[in-house]
Each structure stands twice: as C-alpha cells, then as structure tokens.
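**Student:** Those protein sequences? They're chains A and B, same order as listed. According to UniProt numbering, the first sequence is numbered sequentially starting from 1. According to UniProt numbering, the second sequence is numbered sequentially starting from 1.
Hints are computed from structural coordinates only; laboratory data are not their basis. A couple of the hints might just be wrong.
Chain B side only, calculated, beta carbon under 8 Å to chain A, not exhaustive [what the hints assert, rightly or not]:
{"no.": "1", "residue": "K73"}
{"no.": "2", "residue": "M74"}
{"no.": "3", "residue": "A155"}
{"no.": "4", "residue": "S158"}
Straight line, CA to CA, 30 Å or less: simulated DSS-like cross-link-like pairs of lysine-lysine [as the list claims (entries may be wrong)]:
{"no.": "5", "chain 1": "A", "residue 1": "K156", "chain 2": "B", "residue 2": "K163"}
{"no.": "6", "chain 1": "A", "residue 1": "K64", "chain 2": "B", "residue 2": "K164"}
{"no.": "7", "chain 1": "B", "residue 1": "K73", "chain 2": "A", "residue 2": "K64"}
{"no.": "8", "chain 1": "B", "residue 1": "K45", "chain 2": "B", "residue 2": "K100"}
{"no.": "9", "chain 1": "B", "residue 1": "K76", "chain 2": "A", "residue 2": "K156"}
{"no.": "10", "chain 1": "A", "residue 1": "K179", "chain 2": "B", "residue 2": "K76"}
{"no.": "11", "chain 1": "B", "residue 1": "K146", "chain 2": "A", "residue 2": "K179"}
{"no.": "12", "chain 1": "A", "residue 1": "K81", "chain 2": "B", "residue 2": "K163"}
{"no.": "13", "chain 1": "B", "residue 1": "K76", "chain 2": "A", "residue 2": "K154"}
{"no.": "14", "chain 1": "B", "residue 1": "K146", "chain 2": "B", "residue 2": "K76"}
{"no.": "15", "chain 1": "B", "residue 1": "K164", "chain 2": "A", "residue 2": "K154"}
{"no.": "16", "chain 1": "A", "residue 1": "K179", "chain 2": "B", "residue 2": "K164"}
{"no.": "17", "chain 1": "A", "residue 1": "K64", "chain 2": "B", "residue 2": "K100"}
{"no.": "18", "chain 1": "A", "residue 1": "K179", "chain 2": "B", "residue 2": "K100"}
{"no.": "19", "chain 1": "A", "residue 1": "K81", "chain 2": "A", "residue 2": "K68"}
{"no.": "20", "chain 1": "A", "residue 1": "K154", "chain 2": "B", "residue 2": "K45"}
{"no.": "21", "chain 1": "B", "residue 1": "K75", "chain 2": "A", "residue 2": "K179"}
{"no.": "22", "chain 1": "A", "residue 1": "K156", "chain 2": "B", "residue 2": "K100"}
C-beta atoms are modelled at their ideal positions from N, C-alpha and C, and glycine is treated no differently.
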Amino acid sequence: MAGQTDHSLSIFSAAEVEFIAEDEMIEIVPNIRMDALNLLCGDFGPFVPQIPCTVPLWLAVALKKRGKCSIRTPDWMSVEKLTQVLEAERESPREFQPLPFHYVEISRLLLDHAHDDIPEVYMVRSLIEDIRNVRFHKVESGLETISGRTHAVKLKNLSAMEVNLVRPFMARVLQAFYKHDSPEMVQQADTSASKRPQVVDRGPRRDLRPR
Amino acid sequence: MPGYYDISDILMEDEAVSVAFHVGANGVGLLDPGTETNSVEKGAKIDLPFWLAHELCRRRAVSITIPSCFGQKMKKDVQADAACVDLGTRYPYFYEFGCKLFPLVGDKSIGLFLRHTFANRYKEMLSKSHTASLNAIPKFVLRLSKEEYQLFEAARSSMVEFKKWRVRDLGLMKTTIVGHKRKTDLH
Numbered sequence: 001m002a003g004q005t006d007h008s009l010s011i012f013s014a015a016e017v018e019f020i021a022e023d024e025m026i027e028i029v030p031n032i033r034m035d036a037l038n039l040l041c042g043d044f045g046p047f048v049p050q051i052p053c054t055v056p057l058w059l060a061v062a063l064k065k066r067g068k069c070s071i072r073t074p075d076w077m078s079v080e081k082l083t084q085v086l087e088a089e090r091e092s093p094r095e096f097q098p099l100p101f102h103y104v105e106i107s108r109l110l111l112d113h114a115h116d117d118i119p120e121v122y123m124v125r126s127l128i129e130d131i132r133n134v135r136f137h138k139v140e141s142g143l144e145t146i147s148g149r150t151h152a153v154k155l156k157n158l159s160a161m162e163v164n165l166v167r168p169f170m171a172r173v174l175q176a177f178y179k180h181d182s183p184e185m186v187q188q189a190d191t192s193a194s195k196r197p198q199v200v201d202r203g204p205r206r207d208l209r210p211r
Numbered sequence: 001m002p003g004y005y006d007i008s009d010i011l012m013e014d015e016a017v018s019v020a021f022h023v024g025a026n027g028v029g030l031l032d033p034g035t036e037t038n039s040v041e042k043g044a045k046i047d048l049p050f051w052l053a054h055e056l057c058r059r060r061a062v063s064i065t066i067p068s069c070f071g072q073k074m075k076k077d078v079q080a081d082a083a084c085v086d087l088g089t090r091y092p093y094f095y096e097f098g099c100k101l102f103p104l105v106g107d108k109s110i111g112l113f114l115r116h117t118f119a120n121r122y123k124e125m126l127s128k129s130h131t132a133s134l135n136a137i138p139k140f141v142l143r144l145s146k147e148e149y150q151l152f153e154a155a156r157s158s159m160v161e162f163k164k165w166r167v168r169d170l171g172l173m174k175t176t177i178v179g180h181k182r183k184t185d186l187h
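With the rest of the complex left out, here is chain A (with noise of 0.2 Å):
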C-alpha cells in the first residue's frame, strides 16, 4: 500500500476500491433454473432461464466463473459509447466527461472474466484504456496549477479509482502548500482533511482576506 508515516492519511489500496465497486448492479441471463437468493444486501428474485434480471456485480462474476449465466454489457460499454466519451475527453482539456464512478474496475472485472459477452472486446479494451490515459493527463495538467493560494482542489466526475490514486499525493501537497503559507495568513482550517471524492478546485482565486 502506499504506505507513509503520517497516519492522518488513511488511503485505500486497489483492492479495496475494486471490492466496493462489486456492489454495483448489472444485468445477467442466467441459464438454469435457481430458486430467490434471500441475502442480507437484498433480495435477488427466482431465477428463470434466458429471463434477464439485476443482481450485484460480485454475484454476476460468481455465477459466470460457474457457468450459469451469461452478463449482459451495461450501455456505458458499447463501442459507439465510449468512443463518444473519448473524443468528448480529448476535446475538453479541463472537464471531465461523466462516467459511472466505478467505471475503471467494472470494466476490468467484465474484460476479465465475461469477454465472451462483451461485443468487439479488444476494441473496448483499447478505448478504456485510452479514455483512463488522457483523464489520467488531464489531472496531472490540472495539478500543476496548484499554487499557495489552492485552498482545496474539486475534480469533478472523476472514477473512484482515479481519485484513489493521487488522493495520498494531492493530500500532501496541499498539506506542504498549506505548511509554507501559514506564516503569511491567518490561520484557517486544514483542507487536507478532506476525503470525499469531489473537491473543489477553482484555480486562482480571488482573496477573501484583506492583505
């Protein structure tokens, strides 16, 4: 993990991230005949051959690495989607375009384990990956802007696991930024005890103090 000495930085590891992507729904065509699933999360309703029904993503990869049924691609996937997404991405050097939160590790539990499901496969593989490289560009881009004036920074429509990944750096550079200014002003709340996925980030900003 990336671990570090200071312990007011919690993070979570990729594995941990993937684990509460799981919880997503998606559609699978089960083929055989199985009886409702009463479990704590829900209720996952009779299960009838070539009926489609919505069941969590840990469910679904459960009974497909078992054979008993087949995923059904969720709409974001499909070729014409995503290569809308990434000319959108590649237009835009400072939005981001809205994807489900869980994109990144969806993806890579479907490409995994149901690619047979999944129409032109090696296409959709290769424009994820492109879609997560430029975002993935753009934070860095968007990073370098950060002065001593940045009080937080907001990324919005960025995936979980983007945000995961520079959430231990960007936590510590506005720390050190924060450290270097507070000769300077007046002395304000820690911004780097934020944690929720979407911060703020308008750049230079205008000064609310009287200097």
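Go by the hints and put chain B onto chain A.
**Tutor:** Here is chain B on its own, set in the frame of chain A:
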C-alpha cells in the same frame, strides 16, 4: 504538524546554526572550543545545534545568524533553476528547518523564498513521480529533501500498486494491456 515524537523533527533539530551570544554564560565552556575558562564570553560566535539555539533565542540569550542554506548563494541557485538544486545531500531538512527558523530570525523573506523554491520544484516533480517505475530510481530523487521525498514516494507507490492490480490474474493476457500504453496528447 510533526511533534515531540517525530523522528525526522528530532533529526532536523540537530542541524548546527551559528549564534552570537548576548550574555556571558558560565560553566558551558564546552560549547566554545576556543575558550580557556569554563565559560562563554558575551559576543562570542559559536555553532550550536538548533534545539539549543531555539531555546536560548527564546530567552533572548543569543541571536541566530542565518545559515548558508538560506543565504544569497542559495537564492541565486534557486533562481537559476530550482529543480536542479541538490537538497537531498546537502540539506535534507531544508523546508522544515526554514519553517522553524523563520519566526526566530529577523529576515522575513525566508518564508517567501521557501515557498517559491517549493512551488518551482513541485512542478518538475509532479510528472516524474507518477511515471517513475518501481525499480529504476531516477537521479533526481537524490536531490529531493525529506519532505519532497515523501510526496514522491506516495505518488509512486500508489501508481505502482494500481498497475499491479491491473495485471493481476491476467497471466498470459498481460501483453494486451501493456501494449496499449502510448502517449496521448491533449489538444
């Protein structure tokens, strides 16, 4: 903020600073190698560790002179190229030391100087730290101070861990993912 128990804080406070005594002090001739009697004269210039100088300064017994790492030569170096200044070997505790020193010394420009240095080096560090691989340690890492090194380490280890997660359980399929890494330029 680092506190009483933080090891890097303790190590940092061991840096020597040159001080000038305002008062004479008896029984501490150990500090001044050039003295005959067991005392320090008023006005003597001695090198003390920072933790001692800090306390004495608070009691107004000494006045601290700015060490060379914040002097004119350093400022010129930083202005020339901040990223190339070798903080790792010469002054690993550059920033922490400066922050502690700042309230004690009369020179108010140290704070700005620190920030300016940090901001410039940060830009260079940003891209390199994310793309650095696990084994190869780029040379510029040796030039980072302790604080910057922690930043670098945080970015690099989270990146490496993410990559490991991606190719986990793929076995033979590894090449399909790795082969798609190419430079994308933003328009």
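**Student:** Decide if the proposed pair is consistent with the structure: K76(B) and K154(A), CA atoms, cutoff 30 Å inclusive.
**Tutor:** Given pair K76(B), K154(A) is violated - Cα atoms ~35 Å apart, limit 30 Å.
**Student:** Taking 30 Å as the top limit, are the C-alpha atoms of K164(B) and K154(A) close enough?
**Tutor:** Holds: K164(B) and K154(A) sit about 28 Å apart, inside 30 Å.
**Student:** Would you check the hint for K75(B) and K179(A), treating anything up to 30 Å between C-alpha atoms as holding?
**Tutor:** It holds: about 20 Å lies between the C-alpha atoms, which stays within 30 Å.
**Student:** Mind checking the alpha carbons of K146(B) and K76(B) for me, to see if they're no more than 30 Å apart?
**Tutor:** At roughly 22 Å apart (the allowed maximum being 30 Å), K76(B) and K146(B) satisfy the hint.
**Student:** Starting from K45(B), check that the Cα of K100(B) is at most 30 Å away, please.
**Tutor:** Since the Cα atoms of K45(B) and K100(B) sit roughly 21 Å apart, the hinted pair holds (cutoff 30 Å).
**Student:** K64(A) and K164(B): Cα distance at most 30 Å?
**Tutor:** Given that 30 Å is the threshold and the Cα spacing comes to 24 Å, the pair holds.
**Student:** Are the Cα positions of K81(A) and K163(B) separated by 30 Å at most?
**Tutor:** 26 Å, holds
**Student:** Would the pair K76(B) and K156(A) pass a check requiring their Cα atoms to be no farther apart than 30 Å?
**Tutor:** 40 Å, violated
**Student:** Does K179(A) pair with K164(B) here, judged by a C-alpha cut-off of 30 Å?
**Tutor:** Violated: K179(A) and K164(B) sit about 33 Å apart, past 30 Å.
**Student:** Under the criterion that the straight-line Cα-Cα distance not exceed 30 Å, is the pair K81(A), K68(A) satisfied?
**Tutor:** 28 Å, holds
**Student:** Does M74(B) pass the interface hint, meaning its C-beta sits closer than 8 Å to a C-beta of chain A?
**Tutor:** It is violated, given that the least Cβ distance between M74(B) and chain A is near 16 Å, above 8 Å.
**Student:** Against the 30 Å threshold, does the CA-CA distance of K64(A) and K100(B) hold or violate the hint?
**Tutor:** It is violated: about 60 Å lies between the C-alpha atoms, which goes past 30 Å.
Checked against the numbered hints above, the structure violates hints 1, 2, 7, 9, 13, 16, 17, 20 and 22; every other hint is satisfied.
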